[in-house]
Each structure stands twice: as C-alpha cells, then as structure tokens.
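Whole structure, please, built from the sequences with the hints as guidance.
1 is the number of the first residue of the sequence shown in full-length UniProt numbering; add one for each residue after it.
Keep in mind the hints are simulated off the structure, nothing from the lab.
Every residue gets a Cβ at the ideal spot worked out from N, C-alpha and C, and that includes glycine.
The reader is advised that the hints may include incorrect statements.
As the list claims (entries may be wrong) - For lysine-lysine, the following DSS-like pairs were computed, each having C-alpha atoms within a straight-line distance of at most 27 Å: (1) Lys182 <-> Lys2; (2) Lys245 <-> Lys315; (3) Lys9 <-> Lys48; (4) Lys312 <-> Lys245.
What the hints assert, rightly or not - Computed Cβ-Cβ distance ranges for the label pairs, DEER-style: (5) Ala270 <-> Lys187: 18 to 26 Å; (6) Asn27 <-> Ala270: 37 to 45 Å; (7) Ala270 <-> Lys3: 32 to 40 Å; (8) Gly58 <-> Glu119: 19 to 27 Å.
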Amino acid sequence: MKKYTYTEKKDTRSGFGAGLLEAGRKNENIVALCADLIGSLKMGDFQKEFPDRFVQVGIAEANMIGIAAGMTIGGKIPFTGTFANFSTGRVYDQIRQSVAYSDKNVKICASHAGLTLGEDGATHQILEDIGMMKMLPGMTVINPCDYNQTKAATLAIAEHEGPVYLRFGRPVIPVFTPADQKFEIGKAWMINEGTDVTIIATGHLVWEAILAGEKLAEEGINAEIINIHTIKPLDEEAVLNSVKKTGCIVTCEEHNRYGGLGESVAQLLATQLPTPQEFVAVNDTFGESGTPADLMKKYGLDSSNIIEAVKKVMKRK
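Structure (structure tokens):
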C-alpha cells in the first residue's frame, strides 16, 4: 500500500475560495454570486479584490441562478455560492430550465454537502444532490477530495465550457494531494494499484478509503484505490480496467446509495462487465444533528465500514 501522509488539515470550501480568487485574477469575465453566505463559502477574498464582479443576492437562491444564467449571455462566467441543499434542492427548477436546458456556462458551487455539515442537522444535510445534478443532460458533476484538489477543480471548471456542479464540504480534513496537481475533468486519479479488490471513492470518503487500504494491507489484502472526483462524466475506462484485474468493487460516497457514484458504477458494470459490488453510502435515510465524525460512524461511512464491505464483496467473487 502506497503511503500517504499530510502535514495539515483544511476544509475543501477554503480550497474553493482560493481557486475562485486565482481564477478571477486570470480571467476578468469571471463573476461571483452569493446567497448571503460569503463567509461560509470563503468568497470574501474575491469580493474584496473584485467588488464590481461580485453580487450579494441575499437569501434568494432561485433569483441567484436566474441572474447567473442571464450573465452568461453577455460572456460572463458566473460562479454561484451557497450550501449544497440550497444550491440544488431549493432551486432545481431554475437550474433545469435556465441553466441545463439552455446549456448556460454557469458554475454551481455548493458547500456544506452531505452529513459532515454536522450540527445543522437533516434539513441542511442534503444527500441527494449528486443524483439530482447528474440526471440533468449536459451537467458536469465534480466532488473533490481535499483542499488542493478543490482549488485545482475550481480553476479547471473556470476554463470548461458548460454547466458544472462543484460539490465540497465544511469540515477540515487531511490535505494529501499535490498543490501543483493538474486537474483533468472526467479523469480518475489512481491512489494505489492493487489486485484483490477495487475501492472507488469520492469526496471526503477518499481519505477514509486510504485508511482502509492501509489496514487491509496489514491483513494481506492488496486494494486498488481510485479517486473518482468527476462523477459525471464518469471515467468508465478506469473503472472497467480496475475490475478486470480485481474481480470485485466497493464504491464509497457521502451520499444516498440511490442516485450517487455507486449507482453510476453499477449501471456501467451491469451493461458492460457484471461484477460483485458493495456500497458504502447512506442507506436511504435522512441525517441528523451531530459531530461530523459521529455521523460518519453512525451512518456507516468511515474506514471500518469500507473494510467490512471489502471483505464481504471478496467472498462474492
């Protein structure tokens, strides 16, 4: 098992804020809109440096999406910012009609996704957003794993033509990917090559997959671990090549098991290479208030659950 270390922990939303500022410096057509959550979305530095390119919409998320769609007509590249729940569930009609159907170059940037929103509870912990967004034709869906990858993803989507959903989170997590990485939309990142089982993870679950891989290695299980930061378009070649070697797969995500990464992988395998699969995901339920760590453990999203799923799926080969 390849060893991954880190020297600091940072939140992925700060990676977005840093990426947005750098992208804004590179391209004067980039504008930012926020729904009364500048601090939470780490958009303050962009607002300070480019006040004429920042719009504080207030608690009016549907209006924010409409304004963003309109700004693209004049050649602007709008980045919208609010919590994932309000970025998707609250404004789905506006995204469908004004952004996706119209193929507008809007970057929908969503923080505080999943259970790790923590104490704010179930009303804010959206676990359906990946499914909602990936079903929209033409929508790119990205869920990076740490600060550096989120910053790199933000820079990459600024240069990508078309609507994008960028999902990131609230808690501080290990920073373990390179600061100078090249982020390729739709291209998976190999974390560890292995032969016994494929573990595919996205977002906060990537680090948990690494921890699981280290413990599995101690037991003689050689896991191939892949970071799927782009859920749509899915790197089908990476998935298929891996399971051809290992013969079984575990998918890991901070999302409902219905509609997420695991479902996309299952559809691919069902049609091209039927393979035993286990899901590490929230099992069709809402969340609750609690610390991120306690919620990840209770809802079966930590490294111990990945290890359990690996041992279960290996028996099905």
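The hints, checked one at a time:
1. Restraint check: the Cα-Cα separation between Lys182 and Lys2 comes to about 20 Å, which is no more than 27 Å; the hinted pair holds.
2. With a C-alpha separation of about 16 Å, the suggested pair Lys245 and Lys315 falls inside the 27 Å cut-off, and the hint holds.
3. Between Lys9 and Lys48 the CA atoms are separated by roughly 25 Å; this keeps the pair inside 27 Å, and the hint holds.
4. Of the supplied pair hints, the one linking Lys312 and Lys245 holds, its CA atoms being roughly 18 Å apart against a limit of 27 Å.
5. Range check, Ala270 to Lys187: about 23 Å between beta-carbon atoms, so the 18 to 26 Å window is met.
6. Hint check: Asn27 to Ala270, Cβ distance near 41 Å, so the stated range 37 to 45 Å holds.
7. Between Ala270 and Lys3, the C-beta spacing of about 35 Å keeps the proposed range 32 to 40 Å intact.
8. Our hint of 19 to 27 Å for Gly58 and Glu119 holds, since their Cβ atoms are close to 24 Å apart.
Of the numbered hints listed earlier, not one is contradicted by the structure.
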